[in-house]
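J.: If you're matching positions, the sequence shown starts at 1 in our numbering and goes up one per residue.
Do not take every clue at face value.
[As the list claims (entries may be wrong)] PhoX-like, lysine-lysine: derived pairs with alpha carbons at most 20 Å apart: (1) Lys233 - Lys7; (2) Lys189 - Lys316; (3) Lys152 - Lys329; (4) Lys316 - Lys329; (5) Lys77 - Lys189; (6) Lys77 - Lys316; (7) Lys77 - Lys437.
[Stated by the list, open to error] The calculated label-pair distances, taken between Cβ atoms and stated as ranges, are: (8) Leu173 - Ile236: 20 to 28 Å; (9) Asp269 - Phe409: 50 to 58 Å; (10) Ile389 - Gln197: 43 to 51 Å; (11) Ile389 - Gln264: 26 to 34 Å; (12) Leu113 - Leu166: 17 to 25 Å; (13) Leu8 - Lys437: 20 to 28 Å; (14) Lys232 - Phe163: 35 to 43 Å; (15) Ile392 - Phe120: 26 to 34 Å; (16) Gln63 - Lys318: 21 to 29 Å; (17) Gln264 - Val117: 37 to 45 Å.
Hints in this document: simulated from the structure, not taken from any laboratory.
Positions of the beta carbon are idealized from the N, C-alpha and C atoms, including for glycine.
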Amino acid sequence: MNKSLSKLEVFSIVLGAIIGWGAFMLPGTKFLSTGGVINTGIGLFLGALCIIGIEPSYHIMIQNTNEGGGEFSYVNKHMGSNHGFIVGWFLSLAYLTMIPLNASAFPLVINKLFYGVLNFGYLYTVAGDPVYVGEILVSFIIVIIFMSINLKGIKETGRVQMFIILGLISCVLIIFIGMIFNTDGYQFKETYISNYQFDLSQILKVLAITPFLYVGFDAIPQLVNNLHFDRKKATILAVVSLLMGMLIYNILNITTALAYTPKQILTLDWALGSGVLTNIGMIGFILLILALSAAVSSGINGFMICSTKLIGAMGKHKVLPYEFSQTNKNGSLNIAIIFVTIISFFATLFGREVIIWIVDMSSLGAAIAYFYVCYVTIKIYNNKPSIKIKGIIGMVISLFFIFLLLAPFSTAHLSMPSLIALITWSIIGLIFWYRRKTRVY
């Protein structure tokens with residue numbers, strides 16, 4: 001079974017994991033109301049620079065790792081199973097939550113197109129978000145489709161991802177150009193350019209969530225066994241994917257800003273969709289739906305790959321049940337894939353609001369993984385000052401992200417529901433860790 005991936009397929013998997021549901025929704029729900037166009041752009045750019053500051057340690061990790069599992073395997077090898085478990089546990093949350101988050105976006109799109117057609121079979125309301133049987137069924141069907149694709153093997157998965165990403169980029173660019181020629185540039189200039197004020201607190205609020213926005217950046221370490229080209233080129237692909245992701249986030253934010261002011265978006269369910277439909281018409285809106293569908297699909301696919309690779313590695317090292325490391329005739333981690341699918345299904349039962357709380361704390365999980373990778377780099381290359389300095393820079397950046405998310409006086413600190421979710425996940429992790437120590441697995 002061919003398990004190698006081309007450079008374009010790797011680029012597509014990484015970019016697909018970076019660009020998902022959030023790129024199309026955050027302009028209306030967070031970006032424009034928080035930082036407008038320029039402060040949001042600065043926050044996204046600084047976030048990308050911070051990740052690039054961490055990248056040298058990831059490059060070293062890729063050079064020194066010959067198995068899947070990325071950060072978990074690297075830390076487990078050099079710091080032991082306890083630290084490896086911490087990294088794997090929090091990183092798995094960051095990956096796993098992105099699958100139901102993206103899957104639950106499909107019902108939103110269908111309801112938008114067909115006026116709430118999926119709002120049948122009311123079950124309950126969680127945190128003000130009603131949960132319907134129709135929405136859950138659609139979300140689950142989408143996850144099942146990508147489970148089937150992943151069970152066919154990594155090569156087939158990479159090929160599908162490549163076509164999805166090419167469609168995504170094409171649709172986003174066409175919509176952006178269409179909005180430029182069909183909107184009032186004067187309103188955009190007066191609202192976001194002429195009256196612009198630099199605001200550090202706004203920038204920090206955007207910067208704080210960039211570990212979540214760019215978490216797909218570390219997909220490459222999970223694919224290390226499938227890279228059959230120079231690994232130096234793999235790290236370049238990761239940076240290029242990151243910068244392309246940052247550009248797409250900004251393009252979609254500007255596209256929304258071309259249609260509405262920050263006050264106007266407060267009354268809209270989906271500001272970007274409403275703006276495109278109003279200014280370009282149904283053709284533009286259909287292209288946007290295709291782009292969103294591509295982004296959501298690529299997000300589900302990308303994070304299903306990352307999740308199963310990570311869980312498979314944790315199973316191999318018996319941090320989780322060993323069965324998770326087993327593969328089928330296609331070389332796919334079939335039990336891990338099915339497990340991820342089941343977890344994703346149960347997550348959709350809690351409703352989107354609860355999933356969003358958990359996703360918010362996944363930025364912390366990513367930052368913890370970044371910290372450990374940089375720390376291990378310092379530990380291994382303590383006698384090489386140039387590499388050690390790069391590791392220290394990455395570690396400081398990671399601690400900065402953690403500080404922004406946890407410090408009570410930070411303008412970007414986690415909400416109380418997210419903190420409760422964090423504590424809950426930590427307690428569950430302690431239970432798993434204790435059971436492993438007592439040889440239950």
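J.: List in ascending order the numbers of the hints, as given earlier, that are violated by the structure.
T.: Failing hints, ascending: 2, 5, 9, 10, 11, 13, 14, 15, 17.
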